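Starting from the known structure of chain A, arrange chain B on it as the hints suggest.
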Amino acid sequence: MNIKNKLIKILVPIVSILFSFIIGAILIASIGGDPVEAFSYLLKGAFGTTSNIGETFVKATPLIFTGLAATFAYKCGVFNLGAEGQFVMGAVASVWISTTFISIPTPLLLVVSLTSGAIAGGLWGLIPGILKIKRGLNEMIVSIMLNYIAVLFMGYLYSGPLRDGNLPQTAEVAVKLGRIFSGTRVHAGILIALVLTVILYYFLFHTSFGFKLRAVGLNPTAAEYNGFPLKKLILTSFVISGAIAGLGGSVELHGTQFRLMSGFGIGYGFDGVAIALIGQLNPIGTVLVAYLFAVLRKGAITMQVGTGMPTSVIDIIQALVIVFAVAGSALTNLPKVKQFFTNISQKSNKEVK
Amino acid sequence: MKEILRMEDITKKFGEVYANQDINLTIMEGEVHTLLGENGAGKSTLMNILIGLYQPSKGNIYLKGEKVKIDSPSKAVKLGIGMVHQHFMLVEAMTVFENIILGTSKDKSIFIKKDAIKKGIIDLANKYGLDIEIDKEITEISVGAQQRVEILKALYRGAEVLILDEPTAALTELEVEGLFQIIRKLTAEKKSVIFISHKMREVLEISDQITILRAGKTVTTLKKDDTEASELANLMIGKELVTSEYEKVIETKENIICLEHVDFNAKSKHSGISDITISVGKGEILGIAGVDGNGQSQLAQMVTGVISPDSGTVYLNSKKITKFSPHRFIEASVSHIPEDRNKMGLIGNMSVKENLALKSLETPALSMGKGLFLKKKAITNNAETMKEKYDIRCSSVEQETRNLSGGNQQKIILAREMEENPELLVAVHPTRGLDIGATKYVHDKMIDSRDKGCGVLLISADFDEILKLSDRIAVMFEGKLVGIYSGNNPPIKEISLAMSGKIE
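From first to last, the protein sequence lines are chains A and B. Read in this note's numbering, the first sequence has 193 at position 193, and its numbers run on one by one without any break. Read in this note's numbering, the second sequence has 1266 at position 266, and its numbers run on one by one without any break.
Keep in mind that the hints were calculated from the coordinates and are not lab data. Since this is a predicted model, take the numbers as computed values, not measurements. Take these hints with a grain of salt, some might be off.
[Claimed, not checked] So the derived list for chain B, only partly shown, Cβ under 7 Å to chain A, looks like this:
hint, residue
1, H1327
2, I1330
3, P1338
4, K1343
5, M1344
6, L1346
7, I1347
8, N1349
9, L1358
10, K1359
11, L1361
12, E1362
13, P1364
14, S1367
15, L1372
16, F1373
[Said to hold, decoys possible] With a Cα cut of at most 20 Å, we get these calculated DMTMM-like pairs of lysine to aspartate or glutamate:
hint, chain 1, residue 1, chain 2, residue 2
17, A, K6, B, E1400
18, A, K9, B, E1398
19, B, K1320, B, D1310
20, B, K1502, B, D1462
21, A, K232, B, E1362
22, B, K1119, B, D1135
23, A, K6, B, E1398
24, B, K1067, B, D1135
25, B, K1282, B, D1448
26, B, K1127, B, D1115
27, B, K1282, B, E1423
28, B, K1067, B, E1160
29, A, K9, B, E1400
30, B, K1002, B, E1189
31, B, K1190, B, E1003
32, A, K231, B, E1331
33, A, K232, B, E1331
Cβ atoms here follow ideal geometry from the backbone N, Cα and C, with glycine treated the same way.
Chain B extracted, bound-state conformation:
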């Protein structure tokens, strides 16, 4: 195999901080090379250097042995480096075809020779087994199909090296399998793929080589056949990780929340729920599996009082709820780890201590006269205690939360939501974007809550997370509940099928 790309001693400094320090990466022709590392390990910075968004402070890039300077994204495209970002860069109101040709001009004519170009694109798609509907608008096609459009877009621009940033994050198991087949076809055609992920199972399935980054430095590069999951995880976090297996609860006591035939915006398959009957018991974790955008967000908003059902009944602690508002649910001891921690969970421009005090402003501990006078000192002390207890890493509790890492932001929310020992915890994608250490921490805390008798509704697009934590697993597809399974030795194959709507 020939070397196609080499990044040598790449260093990138932001102010005094090294995002990348003397990183070496060599990509061979026709291989899948995985970049493995926790958040903040420097993967994104390295890739942004490769596609010309950042300039390295030091170090060189060689393409096919020749030194190149990539000073803009368009230069990267010219050199045959393409990237599929985790969040797709597609124009939603345009068709697949328009998105693919956007910004390219292969001849000098002022008119677009649609038919000829279209034929070329379809040929290209067929060559790599990319199944696309070329005249549909982006909004009409599934997430998996959008990803195929992104890949095709890069190939159409002549990519030889294709960077896939967390490509499996939003896909179902079946779609992941489809993606892997495409990747195999690409490498068979001598294209190289840089695969960024932290899902061990997938990394071990698809990679040829694996380079591990930690704290901005290269730890090592390994051949897939010479390693295994636990070794990779340990190298990634730099210490021995004790993976926890959690015991499943089989018997549950009475219900904490119960939904009966609940509808909300039922006509919409992706932003509504239809005829949902489900309950969460005290001291159990009910996991909702499903691909993002099948009504999970609406379910979460319903059981936290943000939206009210069009029809159907919701019982909280056996009491029928007549008026839905977040305030009432909070008073009834419902805690919420929302899906978008920056938008819904935290007030980014406020400090750590203020965000920690958000829900207990009017308690006697933090204020006099039900909020007439805030005890600033008590708020600070409370924050200091939480900071220790939940291991929130910030320079001080006065720091604005928007400047913290995702993991620390999530810990602030955890501290706020779990400190009061809630009766129901609604956790939506609680570990999205978190590294292994922080993920384990969040999982442990959720199990703790469960063991204290809290009912937990866990909604996650990460199937492994659902399998690991849930005592019961419910599957949502197009706003409907399509099955409930035991979390103890769950029928994985059956659940995967249900997630993609293929169920009798």
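Isolated chain A (complex conformation):
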């Protein structure tokens, strides 16, 4: 049983990625390109030089945060589509803290700034959570709406009160996350992301609180009948999910961008949702898929420069991965397909014996 489920969970994303690349290749060929050449540029772009490899980690970092944020909320059965807004609010809080309280010594200021980023994200996540449990509002709609508010608020700040100079952007933060590999832009944020992943994994699968969250996600009625505080758990999962995204925004600010400007954080929220789904709502799966997305993004630019293939080809491949992963999960729920996997796992069981 368990072998079967694990097999499905690992196979679905791998097969989805494979299929997406095959279709991507057909697509490239059909617009007059050479798929082999295009993909080799893609790989070169992602892994060709140390600096390029480093860049994939830089790009993966924010995606890991928003992916984890989505995973965490999904596990409790609520849909946080507001990671983008929480990400932005986290960065906004951090910019304000670290450009205002410059008298605090640097390492401490960094900690304070990251913490307040997480708190700001958590508060931004609290809003849809409260509206859901108190008023029964759909958390998806509310969290999406809050994305717009957050992004526009950020826009007001960098073009108004926090503007630095003539350009619509804030001042650069003085405190930065340290680089951890020379010759690359890889910063300590990736370590924070990985540590967070381990913590979340432990929390979800080794504590009673995580157990309860998952129980609520799988069957809220039974969870309630068994004495679990449904509303409290839903609210908590929203706040934690928001805090993860907020911390992500703060890390992105201190590690990569250093200032807020137009386009900061755009798209990370929805990418996070896709990453969580393809990663089968497992924190570790989420990290792997986030890295894959980062590789695709980094490689896409090199591919465009090298072959003239538009980067949108890669966007299409990325979208196809999502489609295949969702379709694959649905497919594996069909009785016939399930039977097939049961047969396989039974066979492998016998072989083991």
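Just chain B now, with coordinates in the frame of chain A:
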């Protein structure tokens, strides 16, 4: 009598499992033929083959001597085979009339000739004594009336063979009598009825012939007059069954729970309770009799803390309850076997061991630091112990509970709810959908709990179960308590009348 339908050597395999294996069934014209068997004996599979939902892996079906291939439900309808499912297939927002004509077109006109069709339906209903209100919406009519609509629907489609799947499950005693009269009229008109049930009393009353299935095979076919209840039960489970008579407790000690003038959503007759004053003593079983949907669900939710009363007081262990939440009731040692085990009792996508640990996650036995670190090994060991003790049949404790049979799912809930020796056990339809063996097991466990001093509130739509177990019997009708009777030699007739609201 002529043969109308014959199923010959029917075999149906799902993967490697035989759901049906070489089953033979012969139905005569104008007879009531009962299919008797435990859950998983293959009754549903066989009937699904007959109405064209499944194709047999092997075997043939003959209708009036001619071989037929039933490859879709609409083909079955065309051949004159109709089925009334246990859970009715009616469109609730439509009227009786609309439900009956749904999907039929007897002429080519694009308009529905309402009056003519309606007259035809009413004539048909009168012929078989089916009392219906043709223009009412389904939601407005009782469960018994809905069943009559289902029967009429099948007859209107020209059914010659009518399959009734557990038709008495949701009916009162009086309604059952009415149904039997209808069945007798049907057979008098040379229609054949396949009756699926496991209530011996009814089976022996209505059947002409009885075919017993066990583990996907035909055990035998018997004439009603040649058999009796105990023989049928033994054939059905394949071994001698010792039926237990339970002793009734007459004197009770102090109350464990006490409700005084409790109201909840009192205006609703079917989903509220109104002015209920009732108590359960330590070491007694109080049975709540009544037809489903007369406020029993709300009563159960109230005494487990899921809902709070609009007015009135609830005392648990002589303490007045001010805040209602399942958590508080669980802490006060109230256990709950909920009415819908899949929806309320178990988390289907979680494993057997996780479901068993659900209520004791934060105990020192299963975790360190009040849940900060779950002892996976202890959880597994705990599950293994329970698996043995409560005879839970699963391939491993890692198996997801949704893949288990109803009986085994119920055993998981029993294990979880009874292991801690609760002070109050609220059991709602505890044996619904369970076979004889599992039912006996659940009953024994409930009596055990009672004898250990646990108060038991038993809510069941199965009147026989109430009579068998209860030390006192209370009857609910339209959200009100209409009578309390002793469980020792209970006045059955009087209670039945009370259940249908006919009481002074």
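Cross-check of the supplied hints:
no. : hint              : result
1   : H1327             : holds (4 Å)
2   : I1330             : holds (4 Å)
3   : P1338             : holds (6 Å)
4   : K1343             : holds (5 Å)
5   : M1344             : holds (5 Å)
6   : L1346             : holds (6 Å)
7   : I1347             : holds (4 Å)
8   : N1349             : holds (5 Å)
9   : L1358             : holds (5 Å)
10  : K1359             : holds (6 Å)
11  : L1361             : holds (4 Å)
12  : E1362             : holds (5 Å)
13  : P1364             : violated (12 Å)
14  : S1367             : holds (6 Å)
15  : L1372             : holds (6 Å)
16  : F1373             : holds (6 Å)
17  : K6/A x E1400/B    : holds (13 Å)
18  : K9/A x E1398/B    : holds (17 Å)
19  : K1320/B x D1310/B : holds (15 Å)
20  : K1502/B x D1462/B : holds (19 Å)
21  : K232/A x E1362/B  : holds (17 Å)
22  : K1119/B x D1135/B : holds (12 Å)
23  : K6/A x E1398/B    : holds (13 Å)
24  : K1067/B x D1135/B : violated (40 Å)
25  : K1282/B x D1448/B : holds (13 Å)
26  : K1127/B x D1115/B : holds (18 Å)
27  : K1282/B x E1423/B : holds (7 Å)
28  : K1067/B x E1160/B : holds (17 Å)
29  : K9/A x E1400/B    : holds (16 Å)
30  : K1002/B x E1189/B : holds (14 Å)
31  : K1190/B x E1003/B : holds (11 Å)
32  : K231/A x E1331/B  : holds (19 Å)
33  : K232/A x E1331/B  : holds (18 Å)
Taken one by one, the earlier hints fail for this structure at numbers 13, 24, listed in ascending order.
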